[in-house]
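Colleague: These are the residues of each chain, in order.
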Amino acid sequence: MSAIEMRTGGTPAERLAIAEVVLHHAEAAGATEAEVLVIAEDAALTRFANSEIHQNVAEANVRVSLRFVRGKRVGVAATGRTDEEALRRLAETAGRISDLVEETADWTGLPDPGPIRLVDGAFAAGTATASPELRAEGVRAVIAAADAASVTAYGSFATTVETVAVANSRGIRAAEARTSSQLITVSMGPEKGTGYAEAAAVDATTIDAAALGREAAETAQRSAQPVPLEPGDYPVVLAEYAVVDILDMLGYLGFSALAVEEGRSFYEPGKRIGSDLVSIRDDARDPAGLPASFDYEGVACEPVALVDAGVCRDVVWDSATAARAGRRSTGHGLPAPNPYGPFPIHAQMAAGTTPRAELVRGLKRGLFVTRFHYTNPVHPKLAVITGMTRDGTFLVEDGEIVGPVRNLRYTMSYLDALAAVEAVSSERRLLKGFLGGVLVPAVRLSSWRFTGTTGSD
Amino acid sequence: MREITDRALDTARARGATYADVRVVRRLEESIDVKTGTLAGVSTNESEGFGVRVLVDGAWGFAASHVLTTAEADRVAAQAVRIARASATALRRPVVLDGRPPAHGRFETPVAEDPFAVPLEVKIGDLLAADAAMRRVGGIAFTDSTYGAQREWKTFAATDGSYTEQVITHVGSGIEANAVDGDELQRRSFPDSGGGWQGAGYEYIRSLGLAANAERVATESVQLLSAPKLPPGRRTIVLHPSQLYLQVHESCGHPTELDRVFGTEASYAGTSFLTTDKLDSGFRYGSELIDIVADATAPGGMGTFGWDDEGVAAQAVPLVEAGRFTGYLSSRETAPRIGRESGGAMRADGWNRIPLIRMTNINLLPKPGMSFDEIIADTDDGLLLAHNRSWSIDDRRLNFQFATELAYEIKGGKLGQLYRNATYTGITPEFWGSCDAVADASSYVMLGTPNCGKGEPPQTGHVGHACSGARFRNVQVGVMK
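First to last, the protein sequences are chains A and B.
In terms of my numbering, the first sequence has 402 at position 402, counting the first letter as 1, and numbering is strictly consecutive.
In terms of my numbering, the second sequence has 169 at position 169, counting the first letter as 1, and numbering is strictly consecutive.
Honestly, the hints are just simulated from the structure, not real lab data.
Warning: the hint list may mix true and false statements.
As the list claims (entries may be wrong) - Have a look at the derived ranges for each label pair, beta carbon to beta carbon:
| # | chain 1 | residue 1 | chain 2 | residue 2 | range |
| --- | --- | --- | --- | --- | --- |
| 1 | B | L415 | A | E85 | 46 to 52 Å |
| 2 | B | R2 | A | P287 | 48 to 54 Å |
| 3 | B | D160 | A | G232 | 42 to 48 Å |
As the list claims (entries may be wrong) - Pairs of lysine to aspartate or glutamate, EDC-like flavour, derived with a Cα cap of 16 Å:
| # | chain 1 | residue 1 | chain 2 | residue 2 |
| --- | --- | --- | --- | --- |
| 4 | A | K271 | B | D183 |
| 5 | B | K35 | A | E262 |
| 6 | B | K367 | B | D277 |
| 7 | B | K229 | B | E184 |
| 8 | A | K72 | A | E41 |
| 9 | B | K35 | A | D106 |
| 10 | B | K278 | B | E215 |
| 11 | B | K229 | B | D183 |
| 12 | B | K35 | A | D314 |
| 13 | A | K271 | A | D314 |
| 14 | B | K411 | B | D380 |
| 15 | B | K35 | A | E102 |
| 16 | A | K271 | A | D416 |
| 17 | B | K367 | B | D440 |
| 18 | B | K35 | A | E103 |
| 19 | B | K411 | B | D440 |
| 20 | A | K432 | A | E262 |
| 21 | A | K364 | A | E261 |
Using N, Cα and C, we set each Cβ at its ideal position, and we do this for glycine too.
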């Protein structure tokens, strides 16, 4: 079997053809408007633990969803089947739902077509043809690095081809194949030392598995025999793996037009929430990320400045929130039905001017945090989050890492965190966020509130 | 169906698999969401496909497809074998399965009123009525009322001759009122922050009394805006079942998953402090009042089934007995490593995912003695905490922090002052060791969560938790500034 036969595939044009069939059925069933979204996925993931592959999976999957509109009544149905009978039944089901529901009073209609310029660099053949042997080779490189450092390797290597097609009755026709890959690894040493490394890429063959293995293994070696540290307020350097959680959480809690509309967001235009060093934007078209040309409503993705030099500038919009506000969607709609509203899938924080290695040197006494674990909002509107540090937390004195400390719990407003940013690294990493690729630097903050520590066991 | 399963197993065997199993799953889902009086979404989703899991040279491979044909069964089984051979290139401990007998039979969730047969307009009407009742309370900013149902038709077959068929139905619904004042946002939910969920039919939704509780819930969310923040300190706390079930989930359910103990979830969810030496030594997990069981036979639980996704029959496995740690959630691969047989906890999130060790129904058993109300009456100075608002726990399941929507002062056995933004934190065995009262069966209720995340690629599990409420002494509260 050749590598390419591992994919059951379907080109963007073939997926768009499915959407056309459903659209035809919907119109025949009396829809005044209709939107079809086809998401096909060929995904594989090789997982390893205790320095061996223990789970290794692949799937071919497709989801066809239909937003069926009759007047102002909207029904949504989805199916995982693509045979003619199933697609016809999909239209009937969504139509029946639309008959049963009451009118959506503020229904603003499906989005109109606009120009979509397909972005370069969203697809890589190296990922699309990635074989289990290629993933195993990457895993073996990570394990070899762990073996060399006398630690144990854990992690996963994933490769995905996602083909998205959108067609609606107003004329939107959009289709695109996107690839993504991600390798994560945790190293664990014999004396409670742990380390972490991660990379994401459009092209799986560009991921340097051995380097990631070495990075995690070295952190695990350095974090052996962690000592307890009294909780309290400390200056910190956050590695990129920790910063990604801040962007994700703020995107989820506040940088959404629906969150603002409902009064649950911290966002206010012109409000200062960060230091001058903090600029955050969403840019699906940036080839440095995991690019996409359009959202799940078939609207072209536009770059959005969320925070500019610490000041709130805008949020992301989908067609419904934009229409209610009398403006244009920025192309951040999620698949219908979507009670959560738009989401900044491709967030990125601007790089600074401080070399990454210099961040720690700027700490008189504080902590270096590799990553966060199990974070959750305690107070959504104030963006107060609790979570734990993990996989390498170090005490820093006079600009040098002096030793590892036990994991700490924090309860901290991420808005206060942005305000406390005093240095941003000049380098950035591409990591996987909640829903897409996130570009993040490492940062130094003047204060971080730690509220507890792990027990002695 | 036999044609697909036979073909997949035959091909896997012919290509070199020493063991193979196949699951063919059709899943039907329905969801309704009412937001602030508007029907925000009604949707149905159907998904079907099959997944083939094989052992080759002691290594696992798995492949899955949505195309249900014999030709695809050939392709997918061959792909699974190829993947397993790739796994074998980085293998240190060949997989050995326990020797469970072949499984045969049929299981169906008992359902009195088929949720998929109840007219959609009835279900929408029930949500709209509850939503309207919340919005009649002045000061409510937005509301959310949700309903969901899921049914799976699942066929399992394995090369040892096993063949089972199951039809599993879960339903859930809940309401949520939100009041906003400046930077303050207060949510109150009912019956639980994620809605009430059970393995049942629409009769369960009717039993929840959403509309009857809507006004009270909304009123509480408005009252919380002006309530004082919970001051920090070490307090006696009484946990209502609506919070206690999640405490059980996070601090007992997850750390007793034997795959976590063996490190196979280390890169994602983490490991566990309940290492196997603690099983051998009878580690004291909690006070003598603590009996926790993983019961896949419990009525109404979302972790109730006939067989797990390895064909192991549903059973009740003690995890903690009289406060001593005595058992794990386990699989055919992990249980032999501690000299036991699988406890039947392997569950997959649909046809396209491998089974992982998951919670079934992790139940904190009630204790004769005091009812929940009598525990409150017996508490001289403490707090009643109810309805989860936030949760977090470290990667070994030791250091946890929860927030609750409601916190009432208890003084002299009576409920008093209402506090907002309540939090409490602790270390798992110390916390359970501080339990000095577990309520009797009169408040014992089956709850659960439909969104338990685990694994890579991510899987969402439906798990059940029954409990009655309990009291804990000397707990740190009021963590948030």
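Colleague: Taking the hints in turn, state whether each one holds.
Modeller: Okay, the hints, checked on the actual structure:
no., hint, verdict
1, B:L415 with A:E85: 46 to 52 Å, "59 Å, violated"
2, B:R2 with A:P287: 48 to 54 Å, "50 Å, holds"
3, B:D160 with A:G232: 42 to 48 Å, "58 Å, violated"
4, A:K271 with B:D183, "13 Å, holds"
5, B:K35 with A:E262, "10 Å, holds"
6, B:K367 with B:D277, "29 Å, violated"
7, B:K229 with B:E184, "11 Å, holds"
8, A:K72 with A:E41, "32 Å, violated"
9, B:K35 with A:D106, "12 Å, holds"
10, B:K278 with B:E215, "48 Å, violated"
11, B:K229 with B:D183, "14 Å, holds"
12, B:K35 with A:D314, "24 Å, violated"
13, A:K271 with A:D314, "10 Å, holds"
14, B:K411 with B:D380, "5 Å, holds"
15, B:K35 with A:E102, "13 Å, holds"
16, A:K271 with A:D416, "13 Å, holds"
17, B:K367 with B:D440, "5 Å, holds"
18, B:K35 with A:E103, "13 Å, holds"
19, B:K411 with B:D440, "22 Å, violated"
20, A:K432 with A:E262, "28 Å, violated"
21, A:K364 with A:E261, "43 Å, violated"
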